[in-house]
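J.: Sequence:
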Amino acid sequence: MKQATAANLAVLFAALAWMALFSGATLLIADPRPGTPSAEIEATRHLALAIECAGYLLILCSIWLSGHSFVAARWRSILAMLACLVAFGVQIYFG
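Add 5 to the 1-based position in the sequence shown for the working numbering, that's all there is to it.
It should be emphasised that the hints constitute simulated quantities derived from the structure, not laboratory data. Being a predicted model, the structure only gives us computed values, none of them experimental. Honestly, I wouldn't trust all of these hints.
As the list claims (entries may be wrong) - In silico SDA-like links for lysine to any residue, alpha-carbon gap of 20 angstroms or less:
| # | residue 1 | residue 2 |
| --- | --- | --- |
| 1 | LYS7 | MET86 |
| 2 | LYS7 | LEU65 |
| 3 | LYS7 | CYS58 |
Said to hold, decoys possible - Restraint ranges, calculated between C-beta atoms of paired labels, are given here:
| # | residue 1 | residue 2 | range |
| --- | --- | --- | --- |
| 4 | PRO42 | ILE83 | 23 to 33 angstroms |
| 5 | THR10 | LEU90 | 19 to 29 angstroms |
| 6 | LEU21 | TYR98 | 12 to 22 angstroms |
| 7 | THR10 | ILE46 | 36 to 46 angstroms |
| 8 | GLY94 | GLU45 | 26 to 36 angstroms |
| 9 | PRO39 | ALA77 | 53 to 63 angstroms |
Quick reminder that beta carbons are idealized off the backbone N, C-alpha and C, glycines included.
From just these sequences and the hints, can you work out the full model?
T.: Written as structure tokens, this is what we have:
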């Protein structure tokens, strides 16, 4: 894979990770309606955790691709790495 392509993918994965982590966190915070079956609440919780795990996996892939493409596309690599670190920090601080 060319390093410029890896840098572009790193930025894309960082943006997707932000969306996945935000979606997973909002699903976990949501308050279910009274009378919602516990099985449905548990299924929603599992879905939210799966989305968050996908977000963390995207962060790891983006950081790896950023390191791989650092020599050829320095600024995109730094941008993707900062986006991942900020997303991880926000998730740790608020989650």
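J.: With reference to the structure, classify each hint as holding or not holding.
T.: Evaluated hints:
1. LYS7 x MET86: It holds: about 18 angstroms lies between the C-alpha atoms, which stays within 20 angstroms.
2. LYS7 x LEU65: 19 angstroms, holds
3. LYS7 x CYS58: Roughly 27 angstroms between the alpha carbons, so the hint for LYS7 and CYS58 is violated.
4. PRO42 x ILE83: 23 to 33 angstroms: Roughly 47 angstroms apart at Cβ, these two residues miss the hinted range, so it is violated.
5. THR10 x LEU90: 19 to 29 angstroms: At roughly 22 angstroms between Cβ atoms, LEU90 and THR10 fall inside 19 to 29 angstroms, so the hint holds.
6. LEU21 x TYR98: 12 to 22 angstroms: 21 angstroms, holds
7. THR10 x ILE46: 36 to 46 angstroms: 42 angstroms, holds
8. GLY94 x GLU45: 26 to 36 angstroms: 32 angstroms, holds
9. PRO39 x ALA77: 53 to 63 angstroms: At roughly 56 angstroms between Cβ atoms, ALA77 and PRO39 fall inside 53 to 63 angstroms, so the hint holds.
When held up to the earlier numbered hints, the structure conflicts with 3 and 4 and fits the remainder.
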